[in-house]
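Peer 1: Each chain, letter by letter, is given below.
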Amino acid sequence: MRELIFYLLIIGAGTGGELCVTRAMKAVGEVKDFRPAALMGVAIRALRVSWMWIGLMLMGTAFFALLAMLSMENVSLVVPVTALSYAAGALGGKFFLGEQVTRKRWTGVLLVCIGVALVIMGRR
Amino acid sequence: MKSSAGLHFKTYLLILLMVIFGPLGNVLLGKGMKRIGAANIGTAAEALDLLSRVLTSGTIWLGIASLITFFVAYTLVLSWADYSYVQPASSVAYGVVALLAHFILREVVTPMRWMGVLVICLGVLVVGHTAPRTTEPT
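Protein chains in written order, with the working numbering: chain A, 1 to 124; chain B, 1001 to 1138.
Please keep in mind that the hints were generated in silico from the structure rather than gathered at the bench. Among these hints, one or two may not hold up.
Claimed, not checked - In silico EDC-like pairs for lysine to aspartate or glutamate, Cα to Cα no more than 16 angstroms straight-line:
hint, chain 1, residue 1, chain 2, residue 2
1, B, K1010, A, E30
2, B, K1031, B, E1107
3, B, K1034, B, E1107
4, B, K1031, A, E30
5, B, K1034, A, E30
6, B, K1010, A, D33
Unchecked claim - Computed, partial: chain A to chain B, Cβ under 10 angstroms:
hint, residue
7, L9
8, G12
9, E30
10, V31
11, T61
12, Q100
13, T107
14, L111
15, A117
16, I120
17, G122
Positions of the beta carbon are idealized from the N, C-alpha and C atoms, including for glycine.
The shape of chain B in the complex, shown without the other chains:
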């Protein structure tokens, strides 16, 4: 039988990868989309034009690469851990997003928004003290 410590270690390791690469991907996508401008997809031609601008942006592709790394870690951890455990546990990424948005994108993050991030992290701590798996492995 797999030891509980081992199960927790690999769960935490992959969640750490998710917490780093998920926010980084979102920030890069945000930076890329801000350069492209507000999405206007009223007609098929406009949608195609937007798609071509998205697919030729290096920043967007870096963001996609980060999100693929996030997705691989996410998919692997979901092979043994509960979805309702992994999803909230990875929410510390919201704090990382706010930090990256503030320091890299120079977005103004208000005190109430920082408070919200703190409460999210508190929720993550509560979730982290529950068992990673509540169903039998198939």
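With the rest of the complex left out, here is chain A:
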């Protein structure tokens, strides 16, 4: 039960956090200048977007849940299980960010999910 809660936090809060960070970075705009001063400016602009803060808090929650799981299970199991967020991510990309997820991309996501299932079943 405890493990299930940690996995849900890793997947739910992690995916939610990534979607919020993406929304914030889309508001900041495409990064074209990679010099340190310019990147610092991007970071400051990003931190002025409230979605970035919500995203960072959610990702922080997911991070501590990941630490807890890593203390109990092998890395080669825990990390692939967290890839279950791919389905949630594709759905979030479509409905939260308005991205056009093509049939080909859905196929790729499906293959990734099948792979993750095999990884889980490969548990000794």
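Given chain A, work out where chain B should sit, using these hints.
Peer 2: Same frame as chain A, but now just chain B:
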């Protein structure tokens, strides 16, 4: 207008950084947490004790540094590329995690788990043949 080749190059470069530093960070965190022991956070005192042990572990801090590098690359690439493209494309990192876990942490990775990693990489190849951006830049 930005050339498609240029857009793909910088997208692939940053995804490469993500694929290296993400798994490395996870493996270092795993190594650090295994040394600390199973998380027991039934009470506030136990949670604080665990937090102090986590924050004084050099291995954990190395893992955090790797994950910060991953996060910076990830955040930058998301400023132009679709989330639903970047997330699956970076999943090749799962293969790297399995390799690092096997060779550095000496974890036993079963044949079925390796098969799963292979299928994940196949999914990544399919995703990699779709356009990095499907929405208009803001």
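Peer 1: Please write out, lowest number first, the hints stated earlier that are contradicted by the structure.
Peer 2: 4, 5, 7, 8, 11
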